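Using the sequences and the accompanying hints, generate a full structural model.
Protein chains in written order, with the numbering used here: chain A, 1 to 223; chain B, 1 to 96.
Among the clues, some could well be false.
Stated by the list, open to error - Here are a few chain B residues that face chain A, going by a calculated C-beta distance under 8 Å: (1) Ala29; (2) Gln32; (3) Val85; (4) Ile86; (5) Thr90.
What the hints contain is simulated information worked out from the structure, not anything from laboratory work.
Predicted model, so just to flag it, every value in this text is computed and none were measured.
Note that the Cβ used here is the ideal one computed from N, Cα and C, for glycine as well.
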Amino acid sequence: MKIGVVLFPGSNCEQDVIEAIRSLDGEAELLWHGDATVGDVDGIVVPGGFAHGDYLRPGAIARFSPIMGAVAEFAASGGPVVGICNGFQVLTEAGLLPGALQKNRGLKFRCSEAELRVETTNSALTSEAHAGDVLRVPINHFEGNFTCSAETLAELRAEDRIVVRYVDNPNGSVDDIAGICSAGRNVVGLMPHPERACNALLGSTDGVPLMRSLLAAAGARVA
Amino acid sequence: MVTTGPPTRDDGPVKFSVLVEVRLQPGIADPQGSTIERSLPHLGFDGISEVTVGKSIRFVCDGDDEASVRAEVDDMCKRFLTNPVIEDATITVTPA
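In structure tokens, the structure reads:
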């Protein structure tokens, strides 16, 4: 199975994602944002960084990149799509996930390790984790303050679509939300970086079950 | 020939100045506004409240009349210039 990692001008975590996937014996390749196809991949990661310089708003311009139509089609067909950090912002702007990422509470750029509690294993990013697990995963963002309407929040809760929560909320996100999934559970967005917690040399391997979940979801698509 | 008064449809497409002021919707936390509000008293500016921070986007737009330009800019705001989940905008259209 093969994971495509979308590269926009300004992305900067794409190689980290590729390295993490390869270290777990997965296949990974870059997908250029200017191509209107995702080729024959079985899963997609929209990585972190500053797509198109975050001009106007993070993700506001990236959502119009030619590849995003193909990403939306892939998601609509049930394919696993994971947006990490800036990738989460891109997926909300593209309407593939609800809500928005606002500037952090207190205007603090947060660059640290965060503890995430796995809230559901029913998503493309958590099937290999255990509900209630607390994972140590780096965060690195200025606009990670998840915001949505009261109606959307009620829907996310009722449908068990809050995938991971912060143990100690670093940015003001409503309901301590660190990551959510789509109604189909195949599109997941989160601010923390699981790809940076896949090697003991980097201080934590707690991202491994998350990345393995993505590989499992991609593998299920092949089967 | 010198003409006076606003341009009209009879003159064909004319240019309008557009100002889009984007702001956070009421109820959405505005960390930039609150930081400025907390800072001003330290500089001796007292009695300041309700500080909000947004952005302004200015451009010139060809159009037949003010109403059609306004409708087009409204569409721009919905699809691109604002994030309707957290922002709204006021639009000002004047003859360029």
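So which hints don't hold here, by number, going up? Failing hint: just 5.
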